[in-house]
Structures are given as C-alpha cells and as structure tokens.
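Residue numbers (our numbering), protein chains in the order written: chain X, 1 to 152; chain R, 1001 to 1152; chain L, 2001 to 2097; chain P, 3001 to 3097.
Just so you know, the hints here were simulated from the structure itself, not pulled from any lab data. Ideal Cβ placement from N, Cα and C applies to all residues, glycine included. Take the hints with a grain of salt, since some may be wrong.
[What the hints assert, rightly or not] Okay, derived cross-link-like pairs now, BS3-like style, lysine-lysine, Cα gap no bigger than 25 Å in a straight line:
(1) L:2051 <-> L:2077
(2) P:3051 <-> P:3077
(3) X:140 <-> P:3077
(4) R:1140 <-> L:2077
[Stated by the list, open to error] Listed below are several chain L residues computed to face chain R (Cβ distance under 8 Å; list not exhaustive):
(5) 2022
(6) 2058
(7) 2070
(8) 2089
(9) 2092
(10) 2093
(11) 2095
(12) 2096
[Claimed, not checked] Partner residues are not named here, just some residues of chain R that face chain X (Cβ under 7 Å, in silico):
(13) 1009
(14) 1012
(15) 1015
(16) 1028
(17) 1029
(18) 1031
(19) 1034
(20) 1035
(21) 1040
(22) 1046
(23) 1047
(24) 1102
(25) 1110
(26) 1113
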Amino acid sequence: MTPLIRIQREDFSLQDEIDALAAGRADIGAVVSFIGLCRDEAGTLAALELEHYPGMAEAEIGRVAAEAAARWPLIGLVAIHRYGLIRPGEQIVLVLAASVHRRAAFEAADFMMDYLKTRAPFWKREHRADGTLGGWVEAKADDDDAAERWNR
Amino acid sequence: MTPLIRIQREDFSLQDEIDALAAGRADIGAVVSFIGLCRDEAGTLAALELEHYPGMAEAEIGRVAAEAAARWPLIGLVAIHRYGLIRPGEQIVLVLAASVHRRAAFEAADFMMDYLKTRAPFWKREHRADGTLGGWVEAKADDDDAAERWNR
Amino acid sequence: MNAAAPIPATGTRPVRLVYFAWVRERVGMADETLDVPADLATVADLVRWLKARGENYQAAFANEAVVRAALDQVHAKPDSPLGNAREIAFFPPMTGG
Amino acid sequence: MNAAAPIPATGTRPVRLVYFAWVRERVGMADETLDVPADLATVADLVRWLKARGENYQAAFANEAVVRAALDQVHAKPDSPLGNAREIAFFPPMTGG
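With the rest of the complex left out, here is chain X:
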C-alpha cells in the first residue's frame, strides 16, 4: 500500500479519489474520508491564504502516512492539501483511508488529520471581508492535545 500524497493549488474531488482507490477491486469494506473546508467566519472572512514549505510538506505528510500505514492494516490512504488563496466554502484538505474493516479506516483518517494539523508545514492567514489583511492564524493547544492522544 503506497499512500498517495498531493500538495496542490487546484481543488480536488473526493469522488474521483474514492473511485481511483476502489477501481477494479472488491476487498475494501470501509472508506472513511475527511474534508476540511474554508469557513466564512460569519461573513468576516474573504479568503484564507495558505503558505506552505514545498518539499517538506510532501515529505512530512509522507512520514505521517507511513506511520498510519504501519499502525493500521490499510488498503488505501490518500492525503491532499491545497495551498494558495482559498475562499469560504472551498475545500482545503482531504484525507481518505480504506481498509477491510471500519475501525482501522476511522482511526487512520482521524490520526492523519490530527498529525496534519500539528506537523504538516502549512500556515494560514486571513484576508478579511472588509479588505484588510488579517493576522496569521494561531495554532491551537487543542490540536496538540488531539495529536498527543495517539501516544497514549
């Protein structure tokens, strides 16, 4: 099982990724997907600007995916993260985990997202609806706690 990892400016299609993963096989029992979307923050946000560290973003998500693949019996694992300007309602990130059984698929997708949040080199800044440039989004202690769960 080779994880598929893509860092891209363009949007992605969950359905296309599931179709590609499942094409021609009938051994998958469970597919769990996560999509992270840009919220409009009650109309105050015009867009999120996502900066990333090219090269390391792919490498780090690859390391997280390798950890997931070592921990759970996965048939497929996909992680796609966009960068650039993303408007409210648009997709930012996709994680897809396929396995024979649902528990592995759920846990692997959940794990991937927790670690993407805390380890993948991406930074968000806000462009406000009033035309001003907002600050860089601050990391949440919650996210570190969420990632820490997997070490218990």
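Following the hints, complete the assembly by docking chains R, L and P onto the known chain X.
Positioned in the frame of chain X, the structure of chains R, L and P alone reads:
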C-alpha cells in the same frame, strides 16, 4: 439540524450528498464520511442479501441520529442504508457528518456507524460464488464492544 | 338459585407478530396476527406462549437469549412489559452497516 | 625557528536558511544562504548567532520557544544537533489541515 435518513434499494452518491449538504453555505469546517462496501471475501462471495425491517429501520436510525445530534454540535448528518441484493464492490451504507470543527464530525460519524451496526434492523446473508446460499452473517461481539465505548 | 356465572374467558387481544432473517425462516412466515392472552406481561411471557404453539416456534426460540425483540418498532428486552404494543417483532442480532 | 603557525580561521560552511509565515515577514526575506560557523552545535546555537546579526532576526526570534525549526525538511528541536544540515527552516507553529 434535521438528520437526513434514507433506506433504499438503489445505490447512492457520496458526492451528491455532500453537495446537497454544503450547498449555499460556508459555515462547515469539517465533513467526515463513512462508506461501507460489500467485500468479495477473496472471490467466494457472489452477493450479500440485506433484509431489513421497514419502518423500524428508518425509526431506529432516526433515534441514533437524534442521539448524535444531541451529543455533538452538527451542521448536517446523513445516513443512507441499502437493502436487497448487493454485489462485491458495491456500496451498502453511507454516513456523513458535518460540523464547524473536525472532532465533532469524526466522533459523530464513528458513533453513528457503531450504533447502526448494533441497533439498525438489518440482516445480511451470503450468496456464494459457487451458487449456494450461505448462512446469515453472525453478529460480532466486536461490534457490541464498539458501540459500548460511547457509554464510558 | 342460578348456576354460577361462567368463569369469564381470559381476555385476548390481536397482536401483529413480525419475524426477520432466520427467526422468520424457522417460524415459517414473515408475519401473522394472533389473538394473544391479555395477561401475558412481558416479552419473555410471549415467547413462552409462542413456544407452546408448535415446533416452528420452539426452533426459532431454541436459544431465547439470542433472539431480539421490538415493541412497536422500538428495541425491547425479555423483561420489557408488552403494554399495548400492536406490532411485536422477533429477529436475530442485527448485522447491518 | 619559524613563527607560530597562524591560528586557523574558524571554519564556516554555507547553509541555506528558509523562513515561513510571520518568521519570514520579520526576518524580511524568504530564504538566504549564509556562511555559518562550523562550531555551532545546535539549533539554539544557530538562533543565538542569527539574533546577533540584526534586529530583524531579534524580532523573528523574540520568543524563541514559539519558533519551530526543521533540518533538511525534518522537524527539529532547539537542542537538535545541526549536523551537516544544508537547509535549515524556521517557522511558526503549523496551522494547516
């Protein structure tokens, strides 16, 4: 938030359900989906036959969905379960949970699936590739344990 | 002196019984409407009464602990009171999802 | 007798430094290649050396505990040895996903 629940013979489209859920809104931050698929069991399975209890299936999944909606701040919740003859590679069940944040969406989808497995009145029987009718699939103690987690 | 009034027939009430999966196969039908003694208190009482009706019910409820029940489409336990349930279902542990 | 051999100049090595998000903004550039003293042992040593170079670095590393580092695109800690890392990155805590 009114959960959408459908019990149907026909296939469903995850993408269509996500599109319907997200149409015209930009307050969703996270969408978690689960798809359960029919496995071919290493080529020994021709199809699964899913029997259900019409009326109670909708009602019971509705009760599980109401519990999820009471436990997590959800923006959207979808559960679709098929019945009838389902062939390897085909979709059986879909759960979709949308929220502002990822934790609620992950947990609600996970909870829904655990309870669907143990409480929704569906029964699977195997049609074997060799033309014989297999037995009724036996419930797994694992599934009861998984559902029990949520009462801790 | 009149003869003693006849002992009143035990009351009955019509109940729709529905069966699924291998419970349905063993009972030999998907549903039936029976006049059930009104003094049956619980799901377990109804199961005992059904088992006295014939071998098909005995086969279906051979292992009573395994068979699940629902009263008017809500899960019930062996000691759940039947109340005024009009539709009572019996089925194996669920295997959906 | 010859004059004592001159003390060898402290060795330096070229390192590519890359900065992201508000670290980039405070340093005032996205990347630079500097000749860095070879005797700097750890990430924290490099940070101290950078802060001595100017106010922009002092602003970027005002709260050293917050700034994260990566050595050749692998996360590192303040006490991680620099080793022969050729690309060293500094950035705020990540906010992707």
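* Can you list which hints this structure breaks, lowest number first? -> 6, 13, 14, 22 and 23
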